[in-house]
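Listed here are the chains, written in short residue letters.
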Amino acid sequence: MSTTSLDGVGHDSAGTNYLNAKRGIMSWLFTIDHKRIGVMYLVTVLTFFLAGGLLALGVRAELFTPEGDLFSANTYNRLFTLHGAIMVFLVLVPAIPATLGNFVLPLQLGTLDVAFPKLNLASFHIYVLGACFLLFVLITGGVDTGWTFYTPYSSGGGADGHVVFALMGAFILGFSSILTGLNFIVTIHKMRAPGVTWGRLPLFLWAIYATSVIQVLATPVIAITLFLLMFENIVGIGIFDPALGGDPVLFQHFFWFYSHPVVYVMALPAFGVISETVTIHSRRHIFGYTAIAASSVAIAAIGFLIWGHHMYVSGQSELSGTIFSMLTFGVGLPTAIKLLSWIATLYKGSIRMNTVMLYTLAFLWIFAIGGLTGLFLATLATDVHLHDTYFVVAHFHYVMMGGVLFALIAGMHHWWPKITGKMFNESIAKVSWVVVFVGYNLTFFPQFIAGSRGMPRRYHQYIPEFELWNQLSTIGSFTFGLGLFMVLGYLLQSIFKGEKAPANPWGGVSLEWEALSPPVEHNFSGPVVCTKGPYDFPEAVSPVGHDH
Amino acid sequence: MSAAAEHGHEHHPPYLAHHFFNMNQQADSVKMGMWLFLVQEILFFAGLFMAYIAMRYIYPDTWLAAAEELDKVMGATNTVVLLTSSLTMALGVRAAQMGNNKAVAGWCAATLLGAYGFMIIKYIEYSHKLHVGLLPGKFYSFEGLEQAATEAPQIFFSVYFMMTGVHGLHVVIGIGVIFWIMMKALGNSFNSENYAAVENVGLYWHLVDLIWIFLFPLLYLVR
Amino acid sequence: MANAAHGAHAADEHHDGLGHHISPLSTYIAVYLGLLVLTVVTVLVSYAELPPAQSIPAAVAVASVKATLVAAWFMHLKYDKRFNIFIFSAAVWFMAVFFLFTLFDLTTRGTVLETNDHHEWRIDKEEGTG
Chain A
1 MSTTSLDGVG HDSAGTNYLN AKRGIMSWLF TIDHKRIGVM YLVTVLTFFL AGGLLALGVR
61 AELFTPEGDL FSANTYNRLF TLHGAIMVFL VLVPAIPATL GNFVLPLQLG TLDVAFPKLN
121 LASFHIYVLG ACFLLFVLIT GGVDTGWTFY TPYSSGGGAD GHVVFALMGA FILGFSSILT
181 GLNFIVTIHK MRAPGVTWGR LPLFLWAIYA TSVIQVLATP VIAITLFLLM FENIVGIGIF
241 DPALGGDPVL FQHFFWFYSH PVVYVMALPA FGVISETVTI HSRRHIFGYT AIAASSVAIA
301 AIGFLIWGHH MYVSGQSELS GTIFSMLTFG VGLPTAIKLL SWIATLYKGS IRMNTVMLYT
361 LAFLWIFAIG GLTGLFLATL ATDVHLHDTY FVVAHFHYVM MGGVLFALIA GMHHWWPKIT
421 GKMFNESIAK VSWVVVFVGY NLTFFPQFIA GSRGMPRRYH QYIPEFELWN QLSTIGSFTF
481 GLGLFMVLGY LLQSIFKGEK APANPWGGVS LEWEALSPPV EHNFSGPVVC TKGPYDFPEA
541 VSPVGHDH
Chain B
1 MSAAAEHGHE HHPPYLAHHF FNMNQQADSV KMGMWLFLVQ EILFFAGLFM AYIAMRYIYP
61 DTWLAAAEEL DKVMGATNTV VLLTSSLTMA LGVRAAQMGN NKAVAGWCAA TLLGAYGFMI
121 IKYIEYSHKL HVGLLPGKFY SFEGLEQAAT EAPQIFFSVY FMMTGVHGLH VVIGIGVIFW
181 IMMKALGNSF NSENYAAVEN VGLYWHLVDL IWIFLFPLLY LVR
Chain C
1 MANAAHGAHA ADEHHDGLGH HISPLSTYIA VYLGLLVLTV VTVLVSYAEL PPAQSIPAAV
61 AVASVKATLV AAWFMHLKYD KRFNIFIFSA AVWFMAVFFL FTLFDLTTRG TVLETNDHHE
121 WRIDKEEGTG
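Chains as they are written, first to last, in our numbering: chain A, 1 to 548; chain B, 1 to 223; chain C, 1 to 130.
The hints are simulated quantities; they were obtained by calculation from the structure and are not laboratory data.
There's no promise every hint is true.
Stated by the list, open to error - Only some residues are given here: those of chain A computed to face chain B with a beta carbon under 7 Å: (1) ASP113; (2) LEU182; (3) VAL186; (4) LYS190; (5) LEU217.
Even for Gly, the Cβ is constructed at its ideal location relative to N, Cα and C.
Hey, can you work out the whole structure from these sequences and the hints?
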């Protein structure tokens, strides 16, 4: 990386950048510019997040009182099914890789675009096509199988709604994910600018790389699973449905072989974002670059070996359960290495308590809780009691929602100046953070308590002893929602009324900060050569232009 | 970009995409992408093989009895047909490496003959099964297997049709892309540095062959 | 037409315009004949009428040899970048993990609680397990 940052705001001599270089909706829908594709993904992902979030508020509203008085049991089942399916398939999987990943990857590599720009566009359109199927299911009343589609209920055993359409939607979405992963792997291998060695790759890209490997290896298995389930429904092939001679536990093996690694597709990019934000906003070189890079790969690899921890009480053999439990502890090791390395990075750092750092610190707290509670679930003996209780719900919302979402928000704020060329209002952002953080923890922490005391999940009514925890959780969820709307509000406002952002507001040294804010269409105005590591900050540098 | 400057001349033929520096980078990237695509194909078919393994483990006697209803001669013929088409495809890639467009088109045509041959034999097999009721799941109506000795024979045929059906779909897609390559060759598109498309279609076709290499003994030669 | 002069590599009879290896015709024919022979072997092995615990590994072993021939020579992996071989092997490894772990579950279901002939647990309160 060159030692001088670019001055000035986001336009080249002709005054154009990737946002205004071409105009009209067709120039967006048929773009092959990775930055525009990333922005389109961001808009659609956040829209689906809103849809999934509203469904969640419906669930939480029902659970405010012990009686099932707001919705019928059947409607409630459809609410949480669609909430889960939308959140997992439409939001969390593309949340960071397809949005921030698409935008930032070529910039951090110092190159023009991804390896296959047209394939990148195709990935986006395939995503939208898959989403259309799920939206159709949503509009026509949904399905009530749970997002996990367990047989025999989902194979013609009485499930309501358009199960086959939902399966088709998820099947199509899988291809979007595979093609994006394929694109990113080739890009990282073949399109690095001179000087960007593997040892100088920003940790965000190591994370994206490991994620992409999982996407390519695991997603086809869910594809064939959903495909077989479709035929189980239509033809009665008899592989998963016991009434037809099949094995329902076999379905769960098929399902979780993908669905466990996919949580690392969600989490690894989040870890990548945190590696970027925790360094730049504390002006410290990352503690343990090699450990963090290697742990990303280790998590991806180990993540493929442990899917049976979702199936301890399913009917799989006890011996299998025991071995899966032992292996599951293994994945905690590289994850803990990351967490401890980030904390060590902050130590004696020059920490800037801006919005990005607040979300980063929130992530560390939240992911610690999420990860540690995972240990109770990994342990076979305790999981027998906790399985299908709210403890599980709280655990995965802590890692998925708290982990991935907070990292997404941190990343959005961190790269907001680069993407939009505008700065957001720090004061409003910090106030919103308080609402978001309090609301989030109030929503999900009580669920650990309710769950460990026995409250089952996926029930629209419960016994009165759990009422307090549910009321706290519901109040928290609406607070959280309010906070997120505040975030949306000031971010949108910044697009129209925000100050113009300099090229390098945070003083970063990775290559994306050499591009203008927003970048020109071809990313850089000339050839790029990398001469430093991504966290080799000069001593006590002050960021150009703004003091954040 | 700096790498092009090293070459000493701005060589950017029309078949080199603007975001690549040179043909080697482009060809290597496209081939790596193709291998990654093949990886996901392998994992896709892995699910079908897993279903086979599980169901065969649960119903071993059914497998022995039901597999007898498959025509081994047709299966073996199809194996030879696909292996031969793999050879012709590989020779087509070789011709492309040598810049011989006419030969590429010819070898593609030969490969297509093999692919069509495969589909015709498949059609004969499938129509026979349709005729006698050897069909998957709820459509199974064959009376010829001793029901007392075997249970759930329809599951064998579910697995058979899912595996050969998905494989057959991939053969049809293969026919499409090989035809496309043949047309490009007839238009003299390829030369000894620009042949990646032929190579990658070849890789796809070899994978289709690879899958059949495993399908054939597992479905047809159960004893 | 060959525009090899443009590339950084000159094509000769053993290398193309990108500098990649071109296998001689004899190699392809030899591999093809090997594949045909192995197909015959596959059929002969099935006539040995081994029990499934042996006939399946035997069939898979022969098929794997054929697959190796196709991958190494027809798909050119023998002369290709090592990373592509790694990619292919990774797919096979993870496929094997899927098979082995799932099969491990299926085959060990009867070790603690009894199962019936189809490896399912049936707990009938009146008649006890099994």
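Each hint tested on the structure:
{"no.": "1", "hint": "ASP113", "result": "holds, 5 Å"}
{"no.": "2", "hint": "LEU182", "result": "holds, 4 Å"}
{"no.": "3", "hint": "VAL186", "result": "holds, 5 Å"}
{"no.": "4", "hint": "LYS190", "result": "holds, 4 Å"}
{"no.": "5", "hint": "LEU217", "result": "holds, 6 Å"}
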